[in-house]
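Enquirer: From first to last, the protein sequence lines are chains A and B. If you count by this note's numbering, then the first sequence holds residues 1 to 470, one letter each, in order. If you count by this note's numbering, then the second sequence holds residues 1 to 112, one letter each, in order.
Source of the hints: derived by calculation from the structure; they are not laboratory data. Wrong hints could be hidden among the right ones.
Claimed, not checked - With a Cα cut of at most 27 Å, we get these calculated BS3-like pairs of lysine-lysine:
{"no.": "1", "chain 1": "A", "residue 1": "Lys91", "chain 2": "B", "residue 2": "Lys97"}
{"no.": "2", "chain 1": "B", "residue 1": "Lys97", "chain 2": "A", "residue 2": "Lys89"}
{"no.": "3", "chain 1": "A", "residue 1": "Lys439", "chain 2": "B", "residue 2": "Lys97"}
{"no.": "4", "chain 1": "A", "residue 1": "Lys240", "chain 2": "A", "residue 2": "Lys91"}
{"no.": "5", "chain 1": "A", "residue 1": "Lys91", "chain 2": "B", "residue 2": "Lys96"}
{"no.": "6", "chain 1": "A", "residue 1": "Lys138", "chain 2": "A", "residue 2": "Lys312"}
{"no.": "7", "chain 1": "A", "residue 1": "Lys316", "chain 2": "A", "residue 2": "Lys138"}
{"no.": "8", "chain 1": "A", "residue 1": "Lys435", "chain 2": "B", "residue 2": "Lys97"}
Residue strings, one per chain:
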Amino acid sequence: MVRIYVLFNLVLIVSSMLAFLNKFKKSIPLAAGFVNLVVANVIYWSQLSGEAVLWNSFGVKLILDNISRDFLLMNSIVFLASTIVAVKKEKPSVFFFLLALFLPSCNLMFLSCDMFNIYVLLELTTLVVFLLASFGGKTNQVWSALKYMVLGTAGMNLYLLGVGMIFARSRTFELPTLVDVIPAVLVISGLLVKAGVFLFSMWLPDLHSSVESELSALLSGVGIKTAVYAILRFSPSLGKTVDVVVLFGVVSAIAGVVFALNERNYKRILAYHTLSQVGFVLSAPAVGSFYALAHGVFKSWLFLNAEELPVKDSKKLSREKLPFLVWLAVVLPCLTICGLPFTIGATAKHMVFSQLTSWQKIFMYGAAVGTVISFSKFLFLRPTFKMMRPVNPLVHILLGFYCFFPPLVLSVKGTEVFKSLIVLGVGALIYFILKNRTKPLPRRLENLEDSLTIYVLLIAVCFLVVIVRG
Amino acid sequence: MHSLEAIMVATTLIGFLGVVLRRNFLMKIISLDVMSTGVISFYVAIASQTGNSPPIVTAMAVSYAHPVPQAVIVTAIVIGFATLTLSLTYTMLVVKKTSTLDSRRVEERVNW
């Protein structure tokens, strides 16, 4: 099964070359996205699974299991939605080639299950993301992409060092059963930089808010999830070190929300929320994959909505009136991310919360309420009953379908519905109290110099946590 | 850990310190390269833990080097090369626009 799927992805890679022909440049990524959506749905709903081990080769392995399936479905949905928006714009064929290459490289990433495959595919996706993000050529885009590159490469070198240490002991690239302190910390701190965790990856708000909406959707929805996937794969084999991931997950969930609360630019708000949502995923690594799927769907919807809004500043936006259909498209994903019952967001939140210990629950409920406060800026926009079609109706239908698809959303029981309604109510209430008292927090943490210095400190903190817990 | 490997790990960490401490952006990228060179040499050192002869069966050899780390690290070399060239190219673009290499000043001029 896995072999056929790998073959399918190789076909996608080869066919992405066709995008260099001017005639096919737009139809290739669209067709690839559509076919891949069908394939991913078949895999997801028929629960296909499998494993492919390279013969006699030191643990090199591809796997298709429930974690992979969640990520594959997420990749297919987000990619198709972003591509539909991207092909409306006039771009050189290289751009569409890179776009079409992004899909299979992420697909393969979400299959890999050994330390070296993870490294190679992470770097491959990083290079593609770097090229896509800096394609616009504006100085701030190029600079934020460079920041991403420097931090990411430094992190991956540390990761590789850790993998080397594990290999020296076990003589295999298989995901290890129990790791020593030093390699475990190196591996984790390398991956956290790319995963979009607060303090580790402060390149994220700049990069995701400076590139065009469809790329933001792709990077926020799928790009960072490659590293999140790697962490989820590693987490069962890390023993006590997994506490570091959970700790920084909780910190990220809260700090991201605090920054988002005070921000006013629409895309920057979303970028900070990405940091916070990744925190939700990592706080419960055992069930995080479904939250990743949910986050991919609603976050890409939110980012693609930036195309529909007349102004990006939340203050000015609150004075505008939106046509009803556009208003609906803006408000629905906001409600989903807030965890409205019977949406994919509520199911995902319920799954994460069921895994948390009591002290984590307190903080995570705080983060959930914070998310509602932050998104209330958009929840209380006013509609007018003017009939005007949204710019990208197909995207809203596709993403809305997965946000409210019954088999994905109906697992939440009575008391949980009640709890999420309370969270929504409390959040909205606090929003009205705080309303005019927020102003953007300083962006010092996002400087390259400062984030590198903080990174060194964080590695030390990781060591400390592991030693104290061990 | 053998002394050779320790030296390679130290090289990697020195490269990392260079990335953190140098404010010149070009120097940061060069330090990244030092870092990845350290990692690559570390893998080669690991490979020689089991022996020094090339992993081809010969009558004379007593112990063979491990072939796998050397084989996989070629990928890392290629990736490191791609990263280096790409970031240098785009640094050129940034320098053209901001006419400075000091990363703090670049930051100020980009976000003015």
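Enquirer: List in ascending order the numbers of the hints, as given earlier, that are violated by the structure.
Expert: Structure breaks hints 3, 4 and 8.
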